[in-house]
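There are 2 protein chains.
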Amino acid sequence: MRGPGCKEEQLFVASMTTAFERAQSMSSSWAASAVAFLCHSCSFICNKIKSVFLLLFSISPTTEKFEFLTNSKTFGWKRDTSFPFGLTNELRRQKDGRRFSEGSPAVLRVKWALAVKGIEYQYVEEDLSNKSDMLLKYNPVYKKVPVLVHQGKPLAESLLILEYIDETWKQNPLLPHSPYERSQARFWSKFVDDKCMPTVVAAFSKVGEEQQKAAEETRENLKRLEVGLEGKRFFGGDNIGFADIAIGWLPYWIGIAEEVVAINLIDAESMPKLNSWFHAFIDIPIIKELLPPRHKLLHHTKAFLQA
Amino acid sequence: MRGPGCKEEQLFVASMTTAFERAQSMSSSWAASAVAFLCHSCSFICNKIKSVFLLLFSISPTTEKFEFLTNSKTFGWKRDTSFPFGLTNELRRQKDGRRFSEGSPAVLRVKWALAVKGIEYQYVEEDLSNKSDMLLKYNPVYKKVPVLVHQGKPLAESLLILEYIDETWKQNPLLPHSPYERSQARFWSKFVDDKCMPTVVAAFSKVGEEQQKAAEETRENLKRLEVGLEGKRFFGGDNIGFADIAIGWLPYWIGIAEEVVAINLIDAESMPKLNSWFHAFIDIPIIKELLPPRHKLLHHTKAFLQA
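Those protein sequences? They're chains U and E, same order as listed.
UniProt numbering puts the first sequence at residues 1 to 307.
UniProt numbering puts the second sequence at residues 1 to 307.
Check the hints yourself; a few may be wrong.
Where chains are identical, the list cannot tell them apart; a pair therefore holds if satisfied intra-copy or between any two copies.
As the list claims (entries may be wrong) - Mimicking SDA-like on lysine to any residue, the simulated pairs with C-alpha atoms at most 20 Å apart in a straight line are:
1) K170 to A303
2) K153 to E230
3) K117 to I282
4) K117 to Y180
5) K143 to D193
6) K143 to E226
7) K190 to L159
8) K170 to G236
9) K190 to L160
10) K143 to P154
11) K137 to E181
12) K143 to N221
13) K117 to W169
14) K153 to K232
15) K195 to L160
Read the hints as simulated data drawn from the structure, not as lab findings.
Take the sequences, apply the hints, and build the full model.
Structural data, given as structure tokens:
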């Protein structure tokens, strides 16, 4: 277990988690109270000596992480209001307040990027059903997660946060050197948000002809995405990069939704490049260990689609 | 008049213009045929000697530019299918095939960026009513302008093109040095596309209560935009930068639409920072001279809103 420590960075990444789930996590772990106490003490001391600091909590050696919401007024955080699939926060709450509380794709992107860079951070949760004043202060425009707070300054919008991370910490570059390749990485990342996301939503939420049409459009978009993998193992080339991190969540979520709705969108035969890439991508330990548990996502997806 | 020349760059930027308007331009200028001939000859020669080249046509010393569509198979081009305000190309054509044929905001961004960098280019027109195979080849995903073709490689999406231009030509940087400031510039540029554009459209296209609501939302968004100008003359600071170029079209178009629909969205009293910024921005000669003529935009806007 790595405890909180004072460093030169004040950097926070947080996601949505309902009060219910947070309470559940806390009661399931004896370490929660100890971590809370340590966090609070360190926060207090660090504030007093006017230094900036960085905290990371990990209370078990498994892939399950414990993230803690501190009460410090200096902390920033983020909450997902953009998932699943473009539904508003309000809509999701009506159906199931706890849905997708782990693993918002936008949040996952930032987690992955920080992991690739080897940057420690404090991950702060947020109660989905009650937006905090601090979230509204740090992200008044979009009012959603992720928000990355670094050196007291908040950054919003996951793809822009990835750019910031890459420009701030130079090790293990996410974007390639060539302007054209950089543009391509940004293009495919944006393409997934602009084009793939809406059709994937429709493929799993519509029925009958509309569903078939959306599924067909999704397959077309995914086939297009394979262009970005032409002659390469990853979108980033031999190693993962910006676009891999931005797109990596997609096949994982699609795979889970495919278990719930009888639609096939990605398979090794029709999209060999995308299929190979995805398996190579999630086989990377730092990528794999940050994926939200499959059984939880499956449960949430079922509840969402049956609602 | 600067004639076509062979250089190390093969760089093309083009916009939509109907065949009708192109014909009109050509018939109104005795120089068109001469330029066409020169262009064609140079293109042919350059292809033969396997060099890459750059062309710029400007047939008069006024702000009116003549852009020429060559027949060379090596040329890229772009067409606007994203303006006005999110209507599809199909919708626009039904109403008025010639509407907003000059001055697509997305195209204007690229023109401005290249002007700031001092990069010469060939600007190639496209017949709005008949998508070319080359456009579909160069931008198969979005099928719209702008497309920037540089060294034979096409780039799409105006904000991504600005990034590319800034990374390729280092003079007169568009983005600042600090990662945080860079992130802010990207954030406000994206904000205008994501948030301002839809409400501006609604403010001018809806009626009654819906219109009032959209106008109110637009004002709120524009007020938010003023945050990006806090303590600065331009979004870029003392000089124009990425966000100025990305956002600069907005007040110009709003001003024109305000003449047609009796709604006030921006004024010196309610949004002093935005108002001052905009006047300072369009007072810059290279910015001003690329603005589409006001009377043409006014005519098109009237036709659009009355349709």
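Against the structure, the hints come out as follows:
In this assembly of identical chains, the alpha carbons of K170 and A303 never lie at most 20 Å apart, being 42 Å within a copy and 52 Å across copies at closest. Only between protomers do K153 and E230 lie at most 20 Å apart by alpha-carbon distance; the minimum there is 15 Å, versus 38 Å within a single protomer. In this homomeric assembly, K117 and I282 come within 20 Å of each other (Cα to Cα) only inside a single copy, at 17 Å, whereas the closest approach across copies is 42 Å. Within a single copy, K117 and Y180 get their C-alpha atoms only as close as 23 Å, which misses the 20 Å cut-off; across copies the closest is 18 Å, which meets it.
Taking identical chains as interchangeable, the C-alpha atoms of K143 and D193 lie at most 20 Å apart whether they share a chain (18 Å) or sit on different chains (17 Å). Taking CA atoms no more than 20 Å apart as the test, K143 paired with E226 passes between copies only; the shortest distance there is 18 Å, against 33 Å inside one copy. In this assembly of identical chains, K190 and L159 lie within 20 Å of each other by CA distance both inside one copy and across copies; the values are 8 Å within and 11 Å between. For a Cα distance limit of 20 Å, the shortest separation of K170 from G236 inside one copy, 16 Å, qualifies, whereas the shortest one across copies, 24 Å, does not.
For the identical chains of this complex, K190 and L160 are neighbours both inside a copy (11 Å) and across copies (10 Å), given an alpha-carbon limit of 20 Å. Only within a single protomer do K143 and P154 lie at most 20 Å apart by alpha-carbon distance; the minimum there is 12 Å, versus 35 Å between protomers. In the homo-oligomer, the alpha carbons of K137 and E181 lie at most 20 Å apart only across protomers (18 Å), although the nearest pairing inside one protomer, at 36 Å, exceeds that limit. Only between protomers do K143 and N221 lie at most 20 Å apart by alpha-carbon distance; the minimum there is 14 Å, versus 29 Å within a single protomer.
Taking CA atoms no more than 20 Å apart as the test, K117 paired with W169 passes inside one copy only; the shortest distance there is 7 Å, against 28 Å between copies. In this homomeric assembly, K153 and K232 come within 20 Å of each other (Cα to Cα) only across copies, at 18 Å, whereas the closest approach inside a single copy is 37 Å. With identical chains, the CA atoms of K195 and L160 are at most 20 Å apart both within one copy (18 Å) and between copies (16 Å).
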